[in-house]
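2 protein chains.
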Amino acid sequence: MEHRRAAVEALASLGPELEARYAGFKARGLKLDMTRGKPSPEQLDLADALLDRPRRGFGALDGTDGRNYGGVDGLPEMKELFSPILDAPPEQIIIGGNSSLQMMHDAVVRAILHGVPGGVGPWARLPSIRFLCPAPGYDRHFAICQHFGIEMLPVEIGSEGPDMDQVEELVLSDASIVGMWCVPKYSNPTGVTYSDHVVERLARMRTAAPDFRLLWDNAYAVHDLYPEGERLSDIISACRRAGHENRPLAFASTSKISFAGAGIAALASSPANVADAKRHLSIQTIGPDKINQLRHVDLFGDFAGIRRHMRRHAEILRPKFEAVAECFERELGGNGVTSGIASWTNPRGGYFVSLDTPDGCASRVVAMAEAVGVKLTAAGATFPRGHDPRDRNIRIAPSMPSVAQIRGAMEVVAVCVALASLRALEATARA
Amino acid sequence: MEHRRAAVEALASLGPELEARYAGFKARGLKLDMTRGKPSPEQLDLADALLDRPRRGFGALDGTDGRNYGGVDGLPEMKELFSPILDAPPEQIIIGGNSSLQMMHDAVVRAILHGVPGGVGPWARLPSIRFLCPAPGYDRHFAICQHFGIEMLPVEIGSEGPDMDQVEELVLSDASIVGMWCVPKYSNPTGVTYSDHVVERLARMRTAAPDFRLLWDNAYAVHDLYPEGERLSDIISACRRAGHENRPLAFASTSKISFAGAGIAALASSPANVADAKRHLSIQTIGPDKINQLRHVDLFGDFAGIRRHMRRHAEILRPKFEAVAECFERELGGNGVTSGIASWTNPRGGYFVSLDTPDGCASRVVAMAEAVGVKLTAAGATFPRGHDPRDRNIRIAPSMPSVAQIRGAMEVVAVCVALASLRALEATARA
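Chains as they are written, first to last, in my numbering: chain W, 1 to 431; chain S, 1001 to 1431.
Any given hint could turn out to be false.
What the simulated footprint calls covered on chain S by chain W, stretch by stretch (three residues with Cβ under 8 Å from a Cβ of chain W suffice, anywhere in the stretch; the number is not a length) [unchecked claim]:
#1 1048-1060
#2 1083-1094
#3 1285-1291
Honestly, the hints are just simulated from the structure, not real lab data.
Just so you know, even glycine gets a beta-carbon here, dropped at the ideal spot from N, CA and C.
Based on the sequences and whatever the hints tell you, model everything.
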């Protein structure tokens, strides 16, 4: 208590200065939308050759006319390009349209209405459908669950990935847990890459449900900020070795490689899952846009081309992430009065910084920042049903604004964190 | 009987000649795939400017960066372009990806899992789900029904569209009939355009199901073969006037206008249906490919541009359809021995000729043609569950081959029809 009172007093002494700074932000008339992880125009410019006529025209390697109908699972050369991204052989890959989210959504819908290979029927027949949701996580994953009435069980996520003791216990004890969302590399928003040990445990664990699926959203597979990227071990092989070949459904897209709204998505899985998905897809569509696949193959050529391209993204993104870290370190780090109030991640890739305020402060920080023109992802968005039980997590998306804008915005966020913390401490002290 | 015996004898007298001709086809070593209504490379060439950099680049009229995320329902300028095709105001249009089939499939899935505006809940809760299927019709529509366990009730289709007496009686008496597939213009495969009277009755009819939907696949809205196209009256206005605003879900695409595999699809409906679809779409995807929308707006400009473009398609397609008609007329028409055996359509638009052989002959004709290298759409494919109760309908798809190839192929088909008819008559005579 002594310590807390001292902290309150020290922070309180900063109050007038913080209030003055906050008032100053209002005067600046900021207007910045940092709600989503959108690439910046400079990043999109890197792929502008996609707009031009592909050098190879409209003809695929196997002679297919990319302009015409056909090819429900995509062109072989596009599968080749995705193969090292998804750690899967081309024949275990299905190319989709421009949205991996749609491929995930549709995989869930197929399972609900028809069931999955190795399953006992449509998930719709289960008394309830439950998914494990490492949280904080990706709001659009949670939105899919909510939309279809899938109950979400949050799982803590630590520095190596989800809390596997918790995961193993849950999946073993409850046969209605048929799925788990994973963003295994540079996770949204925590930036965590699942350790080899976690991947291995996910592959091996026994599940009560015979048709349990890992929805492995490898959205940031090649999205390193630094020359040495973090290494994610290969879930498809790990599951096969563990005798759970049909467990993983791995997704990736070029949304944050080429064009965010006009890229190519893909799914990789076991031969049985791929055959099953193709059977359903052949009812849903005559096939995805092959011309855009040819454009992508033309632009990148091969995996080395993608690696080169991603280094150019990193050159644009790295200074933005470093600006966030510098600002938070200066304002909320070191040995100052505000030190230790908040914690944040320093990711080595991906699109987000995850900021934890003191409990009960995140909503207030987001509201305060918005009031002075800095729109952040809604507090709670990173948790199932938009409810952060500790109201502390804020997802920072630094990709879109300029470095200068980020510096301004993060100063706002830091001051809001300090002010919100001060008010919370005062409220506690009064209570 | 006298007449039949005379016909058998006359046809039988032709037998040796027909056999000789059929044997001759084998020697020709034909190899032709006419199974699907694919545009020819020459048609696709008409839109090759789609491959080039759009003159307007990546910026939409409202300033949207077409390369980035966003815009779940498409760009305003793309909606404008579809507005006269779909007879709907832009704000009642949703732009999709490259596949209108996918938009139809997804609309059915949404209705099954969530229900529709004005409905009493998810269709999945109905004791059974039934659709009316004017037949012969489009196999991919029927495949969607079959895939989701929707019972299909075939309805006769005549020169003005579906038999409305039958339709009205069925929808009024059975609340489990919640949908009806329609290809209202240049119908697949009959080429029929629904008359104003039929459209009006479809709009006005009373249905036992409160949430009955017309799945209005206007695939050939601007696909006239002749300068004066057939006129289809506007289902969206007709339903609104009749107090059934939420009844129609109208679909179209540029698949057979620009690139078959890389076009743009769209849905038009009532404000309530559109809002409902958007709500679901926002869970399924972040948005469709806007760059391809910009390319299309750039290529066509406006509806007059589409009309001009379609006249160029017609110049390529018309001689092919006329070659089919000429061959059938020569081989199976006039006053000759084989006259009256078969009947066929002379469509003024669309992609197909519908050929009716004598009852029980279609499968044999398709098999005989395939045996000499002419692959036709499977017999029965134009009926629910692939079963043509009279085994007489064959869908001819003349778009892909050259005029010379069509002449050769249709001669094969005509001879196969005559031979199959002869054998069927002989079998009857023996019986």
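Against the structure, the hints come out as follows:
1. 1048-1060: holds (count 8)
2. 1083-1094: violated (count 0)
3. 1285-1291: holds (count 7)
Hint compliance for this structure: hint 2 alone is broken.
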